[in-house]
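Q: If you read the sequences in order, they're chains R and A. Numbering-wise, this note's numbering puts 3 at position 3 of the first sequence, and it's gapless, one number per residue. Numbering-wise, this note's numbering puts 15 at position 15 of the second sequence, and it's gapless, one number per residue.
Treat the hints with care, as some may be off.
Said to hold, decoys possible - Facing chain A, according to a computed beta carbon distance under 10 angstroms, are these residues of chain R, among others:
#, residue
1, N180
2, K200
3, E201
4, Q202
5, T231
6, S244
7, S250
8, L252
9, L256
10, E258
Claimed, not checked - Straight-line C-alpha distance at most 30 angstroms; calculated DSSO-like pairs for lysine-lysine:
#, chain 1, residue 1, chain 2, residue 2
11, A, K9, R, K100
12, R, K259, A, K7
13, R, K239, A, K259
Read the hints as simulated data drawn from the structure, not as lab findings. In this text, a Cβ means the ideal position worked out from N, Cα and C, and glycines have one as well.
Protein chains: 2
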Amino acid sequence: MQLDERKVKILQAIIRNYLETGEPVGSRTISKYTDLNLSSATIRNEMSDLEEMGYILQPHTSAGRIPSDKGYRLYVDTMMEERVREVDEMRELVLQKADKVDLVLKQVAKLLAANTNYAAMISSPQYHHNKVKFIQLSKVDINQIVAVVVVEGNIIKNKIIDVEEEMDDQTLLKLNILLNTNLNGLSLENINLGIITMMKEQAGIHSDVVGSVIDAVAEAIRSDEDLQIYTSGATNIFKYPELSDHEKASELINVLEEKQQLAGLVNETLANGEQNRGIQVYIGNETPVQTMKDCSVVTATYELEEGMQGTIGIIGPKRMDYDKVVSTLKQLMEQLDSLYKKT
Amino acid sequence: MQLDERKVKILQAIIRNYLETGEPVGSRTISKYTDLNLSSATIRNEMSDLEEMGYILQPHTSAGRIPSDKGYRLYVDTMMEERVREVDEMRELVLQKADKVDLVLKQVAKLLAANTNYAAMISSPQYHHNKVKFIQLSKVDINQIVAVVVVEGNIIKNKIIDVEEEMDDQTLLKLNILLNTNLNGLSLENINLGIITMMKEQAGIHSDVVGSVIDAVAEAIRSDEDLQIYTSGATNIFKYPELSDHEKASELINVLEEKQQLAGLVNETLANGEQNRGIQVYIGNETPVQTMKDCSVVTATYELEEGMQGTIGIIGPKRMDYDKVVSTLKQLMEQLDSLYKKT
DNA sequence: TATTAGCACTCACCCTTTAAGAGTGCTAAT
DNA sequence: ATTAGCACTCTTAAAGGGTGAGTGCTAATA
Numbered sequence: 001m002q003l004d005e006r007k008v009k010i011l012q013a014i015i016r017n018y019l020e021t022g023e024p025v026g027s028r029t030i031s032k033y034t035d036l037n038l039s040s041a042t043i044r045n046e047m048s049d050l051e052e053m054g055y056i057l058q059p060h061t062s063a064g065r066i067p068s069d070k071g072y073r074l075y076v077d078t079m080m081e082e083r084v085r086e087v088d089e090m091r092e093l094v095l096q097k098a099d100k101v102d103l104v105l106k107q108v109a110k111l112l113a114a115n116t117n118y119a120a121m122i123s124s125p126q127y128h129h130n131k132v133k134f135i136q137l138s139k140v141d142i143n144q145i146v147a148v149v150v151v152e153g154n155i156i157k158n159k160i161i162d163v164e165e166e167m168d169d170q171t172l173l174k175l176n177i178l179l180n181t182n183l184n185g186l187s188l189e190n191i192n193l194g195i196i197t198m199m200k201e202q203a204g205i206h207s208d209v210v211g212s213v214i215d216a217v218a219e220a221i222r223s224d225e226d227l228q229i230y231t232s233g234a235t236n237i238f239k240y241p242e243l244s245d246h247e248k249a250s251e252l253i254n255v256l257e258e259k260q261q262l263a264g265l266v267n268e269t270l271a272n273g274e275q276n277r278g279i280q281v282y283i284g285n286e287t288p289v290q291t292m293k294d295c296s297v298v299t300a301t302y303e304l305e306e307g308m309q310g311t312i313g314i315i316g317p318k319r320m321d322y323d324k325v326v327s328t329l330k331q332l333m334e335q336l337d338s339l340y341k342k343t
Numbered sequence: 001m002q003l004d005e006r007k008v009k010i011l012q013a014i015i016r017n018y019l020e021t022g023e024p025v026g027s028r029t030i031s032k033y034t035d036l037n038l039s040s041a042t043i044r045n046e047m048s049d050l051e052e053m054g055y056i057l058q059p060h061t062s063a064g065r066i067p068s069d070k071g072y073r074l075y076v077d078t079m080m081e082e083r084v085r086e087v088d089e090m091r092e093l094v095l096q097k098a099d100k101v102d103l104v105l106k107q108v109a110k111l112l113a114a115n116t117n118y119a120a121m122i123s124s125p126q127y128h129h130n131k132v133k134f135i136q137l138s139k140v141d142i143n144q145i146v147a148v149v150v151v152e153g154n155i156i157k158n159k160i161i162d163v164e165e166e167m168d169d170q171t172l173l174k175l176n177i178l179l180n181t182n183l184n185g186l187s188l189e190n191i192n193l194g195i196i197t198m199m200k201e202q203a204g205i206h207s208d209v210v211g212s213v214i215d216a217v218a219e220a221i222r223s224d225e226d227l228q229i230y231t232s233g234a235t236n237i238f239k240y241p242e243l244s245d246h247e248k249a250s251e252l253i254n255v256l257e258e259k260q261q262l263a264g265l266v267n268e269t270l271a272n273g274e275q276n277r278g279i280q281v282y283i284g285n286e287t288p289v290q291t292m293k294d295c296s297v298v299t300a301t302y303e304l305e306e307g308m309q310g311t312i313g314i315i316g317p318k319r320m321d322y323d324k325v326v327s328t329l330k331q332l333m334e335q336l337d338s339l340y341k342k343t
């Protein structure tokens with residue numbers, strides 16, 4: 001079956017309507033809502049097709065239709081309309097204070113939550129593109145060695161590695177050379193499985209040590225020890241009945257409170273942001289955080305200084321006002337940019 | 001009417017039962033639950049008395065009774081039984097990591113929440129007993145002066161004060177002397193209303209300036225700019241039906257997320273803790289944070305080093321298991337003490 | 001051939017009724 | 001002073017019934 005123009009129009013109308021009301025939308029509504037001048041019966045036929053194609057679905061027989069994840073995806077990819085409007089309030093608020101970064105971040109989160117009526121999160125900026133500068137393995141004990149990893153920005157990471165058998169100095173030297181020659185100058189994205197396996201092969205029986213070191217490197221580069229995440233407006237989810245039964249609300253709020261899982265979202269976003277510059281939309285099951293499979297998550301990467309990136313996220317129901325959220329985020333990014341890059 | 005021993009026993013039985021079940025408890029239950037060997041009819045009479053005295057109340061005619069705030073208060077003050085038990089798990093976990101304070105605090109919060117099934121909060125330790133070392137007023141403009149307050153620990157606080165009329169140097173000097181002679185060496189608790197009014201009198205027409213300076217002093221001593229508050233287990237409140245309707249749950253979780261209001265709780269606790277060393281129980285309306293008027297809050301003051309105090313709080317329903325919470329908190333305090341004071 | 005009117009049917013939702021159960025207060029008996 | 005007994009109240013859950021929104025299908029229409 002073909003998705004002709006009329007079907008698109010109808011689908012769009014259905015989604016628009018559903019975004020507003022949150023109620024399944026019926027054929028009669030569409031018949032009136034659009035300028036297609038078609039009877040409800042015709043619409044019904046078209047809707048039946050759209051359902052077959054997987055863009056919409058019926059919560060139960062004899063209810064209206066609601067968009068499916070696929071439907072939302074199509075909408076977000078092709079039918080969204082940029083909206084520019086009352087972001088003035090934001091301008092004021094964001095510009096307010098700039099002396100302490102964390103205060104600004106808190107404000108941004110609060111602002112976003114209040115502005116969008118969804119939950120908002122923001123991660124503190126992290127050095128991300130950092131490259132490995134130096135690696136040093138040293139023996140501290142018969143069966144323990146310490147790996148010291150220094151990355152650009154002089155972040156230092158130590159990791160104790162247990163080894164089964166004692167390692168003589170020469171082997172250690174060899175490993176040191178191996179590690180430094182192969183990893184120096186590389187950033188997290190550049191250390192791929194190819195390099196890793198190659199190194200492990202060269203290390204022979206000490207391949208597990210290499211593995212541990214690489215873990216340490218990853219940690220050092222990510223340095224998410226002092227990854228701060230601020231949230232705001234978690235309780236906004238109560239505004240959407242489809243999320244506010246105890247079970248779901250509880251899970252969601254928990255994720256937002258404990259922050260643990262949000263770190264995953266941050267990393268995912270930063271990793272993806274690499275290619276896919278800017279704003280990303282995760283609908284339902286697309287989300288990297290499984291707890292949010294009934295939600296949509298819109299994330300954006302911001303950058304305070306070169307290589308100093310953080311993530312902003314909006315968490316809301318699938319019937320989120322994508323247009324608004326996306327344009328709000330874009331505006332906000334500009335704000336942040338002008339706030340820090342100009343100076 | 002008199003609260004004789006039998007009434008106390010019955011009240012205790014009612015409360016105990018209600019703490020467990022959360023359901024209004026009827027006369028027949030008590031008749032069986034206690035070893036008083038009284039018929040339900042007798043209990044009914046006694047309950048009627050207890051209600052008249054305000055210790056219990058009926059949600060509606062022909063329902064059982066539930067404890068009133070007054071009833072809980074009596075219970076907490078006189079009938080609680082210390083409980084010592086499986087806090088072993090805690091010992092392990094708390095001792096785990098000690099290199100970064102904030103990690104420990106996060107863990108403590110998490111642990112408490114998981115252990116008690118209530119929401120937990122913990123504030124980062126603050127210098128609190130600090131005394132004023134020095135105060136200096138200087139004119140910066142025709143109608144602006146700046147107050148510089150230095151307190152022990154060399155925390156410095158500035159505050160701009162607007163004045164209606166220009167102040168000549170001599171007046172300023174007088175005020176400086178007045179402030180320094182009266183406030184130096186005093187800590188927050190020692191600056192009482194008596195001193196304040198006395199000073200304001202002496203300052204004459206400039207009493208409002210004195211007031212502003214005292215505000216600045218209070219801020220400096222509290223220094224809650226970098227007051228961190230960690231929460232955990234906010235979603236535990238969903239376990240208690242009396243708190244988990246949307247409205248209440250939303251408000252509560254919001255307070256826990258935004259932290260703002262919790263700072264008030266911290267300050268209150270620290271201030272009270274002065275006299276009332278140790279653990280405090282706020283039942284219902286007794287709470288310093290109005291949003292929690294349907295909850296009970298149990299707080300404790302902990303001290304890492306001399307004068308370095310923080311607050312731990314447990315937020316739960318009024319029918320909280322006070323015995324458990326109090327003894328858990330006590331145990332925890334010991335843990336924290338031994339963790340940091342021994343070294 | 002595409003569109004539409006018409007109609008029977010489904011299902012969630014709301015309202016009312018009904019019955020059961022828990023608990024009380026009062027009175028009279030012990 | 002205590003208790004048995006009973007009428008009464010009030011909540012809660014279940015059951016029934018009506019309503020309305022919406023569908024799918026069929027037959028008529030442009």
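Q: Evaluate each hint against the coordinates.
A: To see whether the hints hold, each was checked on the structure:
no.	hint	in the structure
1	N180	violated (28 angstroms)
2	K200	violated (31 angstroms)
3	E201	violated (36 angstroms)
4	Q202	violated (35 angstroms)
5	T231	holds (6 angstroms)
6	S244	holds (7 angstroms)
7	S250	holds (4 angstroms)
8	L252	holds (9 angstroms)
9	L256	holds (7 angstroms)
10	E258	holds (7 angstroms)
11	A/K9 / R/K100	violated (57 angstroms)
12	R/K259 / A/K7	violated (49 angstroms)
13	R/K239 / A/K259	holds (21 angstroms)
When each numbered hint is compared with the structure, violations occur for hints 1, 2, 3, 4, 11 and 12.
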